[in-house]
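Undergrad: Please construct the entire structure, taking both the sequences and the accompanying hints into account.
First to last, the protein sequences are chains Y and C.
26 is the number of the first residue of the first sequence in my numbering; add one for each residue after it.
-9 is the number of the first residue of the second sequence in my numbering; add one for each residue after it.
Any given hint might turn out to be false.
Using 27 Å as the maximum straight-line C-alpha spacing, the simulated DSS-like pairs for lysine-lysine come out as follows [said to hold, decoys possible]:
(1) C:26 to Y:133
(2) Y:137 to Y:102
(3) C:12 to Y:94
(4) C:42 to Y:133
(5) Y:102 to C:42
(6) Y:83 to Y:47
(7) Y:94 to C:34
(8) C:26 to Y:47
(9) C:9 to Y:133
(10) C:31 to Y:137
(11) Y:47 to C:57
(12) C:9 to Y:125
(13) C:12 to C:30
(14) C:30 to Y:47
(15) C:34 to Y:102
(16) C:31 to C:12
(17) Y:102 to C:31
(18) Y:125 to Y:94
(19) C:34 to Y:133
(20) Y:83 to C:31
(21) C:89 to Y:94
(22) C:9 to C:42
(23) C:-1 to Y:133
(24) C:57 to Y:133
(25) C:42 to Y:83
(26) Y:47 to C:89
(27) Y:125 to C:26
These stretches of chain C come out as covered by chain Y in the derived footprint (C-beta under 8 Å, 3 or more residues) [said to hold, decoys possible]:
(28) 38 to 49
(29) 86 to 98
Calculated from the structure, these hints are not laboratory results.
Computed from a predicted structure; not experimentally measured.
All residues carry an ideal CB built from backbone N, CA and C; glycine is no exception.
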Amino acid sequence: AQSVAQPEDQVNVAEGNPLTVKCTYSVSGNPYLFWYVQYPNRGLQFLLKYITGDNLVKGSYGFEAEFNKSQTSFHLKKPSALVSDSALYFCAGSLYNFNKFYFGSGTKLNVKP
Amino acid sequence: DTAVSQTPKYLVTQMGNDKSIKCEQNLGHDTMYWYKQDSKKFLKIMFSYNNKELIINETVPNRFSPKSPDKAHLNLHINSLELGDSAVYFCASTSQGAKTGELFFGEGSRLTVL
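TA: So, in structure tokens, the structure goes:
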């Protein structure tokens, strides 16, 4: 069965410090992996994706993620966190046909001034 | 212009009633989805449609009936509402043909069943 896991319910970081939000996947074949952000009372917004090619992908708002096939991980990173990055982050995976996206349980990121 | 729009944004109703949520996308996408987000923020796929055809029905009770009159619209009708149906329902779309995989979400429809 295909699945995506986010092992941390919450991540706390101080503004200016680097942040990492973890994601592991179990998707057969060549997975397509995504990160989305959700602000309160809003829909999810696309941040970045890995389809193929470079393992390090860059996305919106200075975020990046590294695809690691041996560890089946796709962790979201940012070198310097902002208070405005505080939100709920979702990792998602899909097969090539995009019939279905498997979402992780979400990680709440708190960035403190 | 709103890319994926859902109406209504809020819906409060009594148990046993029937209600509908509408979704429209103006992105020219060929695939649309309904997701349910519960109080713990878990996102669960309910249905997906490609070119108006149902391709995923994720063991959703048959009280839920999606309808896609055309590629730009995907509506959700719920019969005999139950307390457990209270959630935020998100519509989303993508272009399978373009192979980008990027989902565009609506702002959600918060359903409260009393």
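Undergrad: Below or equal to 27 Å on CA atoms is what counts here, so check residue 125 of chain Y against residue 26 of chain C.
TA: holds (14 Å)
Undergrad: Is the Cα-Cα distance between residue 12 of chain C and residue 94 of chain Y 27 Å or less?
TA: violated (40 Å)
Undergrad: Given the hinted pair residue 26 of chain C and residue 47 of chain Y, is their alpha-carbon gap at most 27 Å?
TA: holds (23 Å)
Undergrad: Within a Cα-Cα threshold of 27 Å, do residue 102 of chain Y and residue 31 of chain C meet the stated pairing?
TA: holds (22 Å)
Undergrad: Mind checking the alpha carbons of residue 47 of chain Y and residue 89 of chain C for me, to see if they're no more than 27 Å apart?
TA: Between residue 47 of chain Y and residue 89 of chain C the Cα gap is close to 25 Å, so the pair holds against 27 Å.
Undergrad: For the pair we were handed, residue 89 of chain C and residue 94 of chain Y, check the Cα-Cα distance against 27 Å.
TA: The hint holds at about 21 Å.
Undergrad: For residue 31 of chain C and residue 12 of chain C, compute the direct alpha-carbon distance and say whether it is at most 27 Å.
TA: holds (21 Å)
Undergrad: Given the proposed pairing of residue 34 of chain C with residue 102 of chain Y, does the C-alpha separation stay at or below 27 Å?
TA: holds (25 Å)
Undergrad: Between residue 30 of chain C and residue 47 of chain Y, is the straight-line Cα distance small enough, at 27 Å or below?
TA: holds (19 Å)
Undergrad: With a Cβ-Cβ cutoff of 8 Å, does the stretch 38 to 49 of chain C contain at least three residues near chain Y?
TA: Result for this restraint: holds, n = 5.
Undergrad: Check whether the Cα positions of residue 9 of chain C and residue 42 of chain C lie no farther apart than 27 Å.
TA: Holds: residue 9 of chain C and residue 42 of chain C sit about 21 Å apart, inside 27 Å.
Undergrad: Hinted pair, alpha-carbon criterion (27 Å max): residue 9 of chain C, residue 125 of chain Y. Please report holds or violated.
TA: Distance ~25 Å between residue 9 of chain C and residue 125 of chain Y Cα, so the pair holds.
When the structure is compared with the earlier hints, violations turn up for hints 3, 4, 5, 9, 11, 24 and 25 and for no others.
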